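Given chain Z, put chain C in place with the hints provided.
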Amino acid sequence: MTWLRLILIHLRIAVLNELQYRTNLGLQLFQSAVALATSLVSIAFVFSKTDHLAGWSASQLLAVVGVYFLVGGLTQLFILPSLGRFMEDVRLGALDFALIKPVDSQLLITTRQVEAWKVIDVLIGVCVIGVALVQMGTSLDPIQAMVFVIVLVAGVVVVSSFVMILATCAFWFIRVQNILVIFQAMYEAGRWPITIYPPWLQGALTFLVPVGFAITVPAEALVGRLDWRLLAGAVALAVVLPVFSRWFWMMGLRAYSGASA
Amino acid sequence: MRHRGPLVSAVTPFRILPLGTPRPAIVVQNLTKTFDVPEREAGLRAALRGVFKRRTREVIAVSSVSFAIERGEIVGFLGPNGAGKTTTLKMLAGLLYPTSGEATVLGYIPWQRNAEFLRQMTLVMGQRNQLVWDIPVADSYELNRAIYRVPEHEYRETLDELSDLLDLGPLIIKPVRNLSLGERMRCEIAGALLHRPRILFLDEPTLGLDVTAQRRIRSFFREYADRYQATVLLTSHYMADVEALAKRIVVIHRGLILYDGALAGLIERFAPLKTITVDVSSPLLDPGRYGEVVSVEEGRVTIQVAKPDVAAVTNRLLADVSVTDLTISDPPIDEIIDRVFQHETIPDAEVEVPPAFART
Chain Z
343 MTWLRLILIH LRIAVLNELQ YRTNLGLQLF QSAVALATSL VSIAFVFSKT DHLAGWSASQ
403 LLAVVGVYFL VGGLTQLFIL PSLGRFMEDV RLGALDFALI KPVDSQLLIT TRQVEAWKVI
463 DVLIGVCVIG VALVQMGTSL DPIQAMVFVI VLVAGVVVVS SFVMILATCA FWFIRVQNIL
523 VIFQAMYEAG RWPITIYPPW LQGALTFLVP VGFAITVPAE ALVGRLDWRL LAGAVALAVV
583 LPVFSRWFWM MGLRAYSGAS A
Chain C
581 MRHRGPLVSA VTPFRILPLG TPRPAIVVQN LTKTFDVPER EAGLRAALRG VFKRRTREVI
641 AVSSVSFAIE RGEIVGFLGP NGAGKTTTLK MLAGLLYPTS GEATVLGYIP WQRNAEFLRQ
701 MTLVMGQRNQ LVWDIPVADS YELNRAIYRV PEHEYRETLD ELSDLLDLGP LIIKPVRNLS
761 LGERMRCEIA GALLHRPRIL FLDEPTLGLD VTAQRRIRSF FREYADRYQA TVLLTSHYMA
821 DVEALAKRIV VIHRGLILYD GALAGLIERF APLKTITVDV SSPLLDPGRY GEVVSVEEGR
881 VTIQVAKPDV AAVTNRLLAD VSVTDLTISD PPIDEIIDRV FQHETIPDAE VEVPPAFART
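Heads up: the sequence lines are chains Z and C, in that order. FYI, the numbering for the first sequence is 343 to 603, going by the working numbering. FYI, the numbering for the second sequence is 581 to 940, going by the working numbering.
Just chain Z, with the same shape it has in the complex (with noise of 0.2 angstroms):
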């Protein structure tokens, strides 16, 4: 509850922002556009040579875009955002302010930033994916619906929990920024589903960075072909990784130097 509270303090103070410099949306609108129009050309294009890639038909790769900018949507709505943030304040020692506060820092960290226009990026994924069901001509049927809600919001937790523990590193390392822009790059493969992919990459994309689990697999829960073992592997993958993250946080605590005097 506290923190959906955070969310909405910050993010009146985002549209604040956002207000006062108006050009954004046009931007952002703009780049959400080149995203989506390069992932349906390339689509496009391999579906001209050949009727599957891996087992994949265009209107199920159509479902994976779709996840992929929902789950990227998401996730950068605040919490990518945030730790970006989080990172810069510990080597310019702003962090101190929000340290001070009384409320769970960790809560605090990870909402202090929102960036209201990824909203965008949610509602494309939302309509590629209903037109891949259309296209697919399936329908979901409640069960199907459920387990995709399930790992889609499991994939977003393990995702969050994941870059929250690479940010965390940054009490000891002080200099990590670079590590969001490899993540950032990892996630780019996510585009197209993992299974594409030679095994080692699978390998390292799955457990290495967590893409598989973000948008691979709730892909493969909406086209009906997830595997059970990869269902429970991604929910308990959503209670570990939390969980970890959060012990982790402590250690990074106790470790806080603070930008010197």
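Keep in mind that the hints were calculated from the coordinates and are not lab data.
Non-contacting residues of chain Z with respect to chain C, defined by C-beta distances greater than 10 angstroms in every case (computed): (1) LEU367; (2) SER374; (3) ALA377; (4) PHE387; (5) VAL388; (6) THR392; (7) VAL461; (8) ILE492; (9) ASN520; (10) GLN526; (11) PHE549; (12) GLY566; (13) VAL577.
Per label pair, the in silico range of CB-to-CB distance: (14) ALA386/Z to ARG757/C: 42 to 52 angstroms; (15) ASN661/C to VAL461/Z: 39 to 49 angstroms; (16) ARG354/Z to SER646/C: 42 to 52 angstroms; (17) ILE492/Z to ARG802/C: 52 to 62 angstroms; (18) GLN544/Z to SER646/C: 55 to 65 angstroms; (19) GLU848/C to ARG433/Z: 44 to 54 angstroms; (20) ASN610/C to ILE524/Z: 35 to 45 angstroms; (21) THR636/C to GLY472/Z: 55 to 65 angstroms; (22) ALA487/Z to LEU787/C: 53 to 63 angstroms; (23) SER646/C to CYS511/Z: 29 to 39 angstroms.
Computed from a prediction, not measured in an experiment: that's the story for all the values here. For each residue, glycine too, the CB sits at the ideal point set by N, CA and C.
Just chain C now, with coordinates in the frame of chain Z:
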């Protein structure tokens, strides 16, 4: 975060307090903080070597510091850069974990960061700001109000009061980036006090401000502390800040407390000389026989004399020449403090200063 109640018996007080006496607001015992600081020589080669093998040096920022501060007391922390003032302050504000030692603030262990504790204290840092840069000050205040859950009417009341005392007026509807440094600092201070904290940690609150702005901020803090019976711990290297606000000062140098007591006592202890300035109508011959000559000007002579000799020297002066005016004064505090830091060992001080441990 787990909720913890106030810890009553975590630290034994220095003095045996009679039953029913309120405990001091801040109790610190043997607090120590060391940092591992990476160390390498300048240059590319050294930098490359540093990537593979990091050499670190242990730096003692605060070394077994103990003191207690009563509720409502204003205490000034004095010391040169890197003395350990800010590190001590940050530990008491719950930002840093100590390497060893104990502390309680209002009965709470600060670094456990209990929400109840955090709600009752604030931190003002002269060189960092928490207000959001691009939006009007009032919107940043609203953010703090929401985070601290200050009820709307109480917030209005406090804001009016602070706005009045700090003369904020039209400033709070301007974006922070359009404010001058002095205006910004006043807005920062109000923002840090909206929840009416009872403990104030002020780290160089007047840094970089002009004299007028400094004076204004000093008188504000005095007013606030009076009104709310707030306990204030202030660091500054402007002597005037400390002189104006604190009756008690703690001199800290290289992580150690060199002096803890009244301002007057510091002068007593570290300034064994008094300054005598005489205006004379006839020239004073050979002023060196009265004391150490500081300056001789047209009709005015300034000399320094050991305290016990002041009366005798004054008598002799009055007998020897025709004096039109005579003043006896303590040397300026700045000078005294300077001498303390330069000599490092102090006459009659029990504290031994270990070689070079300052954190820079």
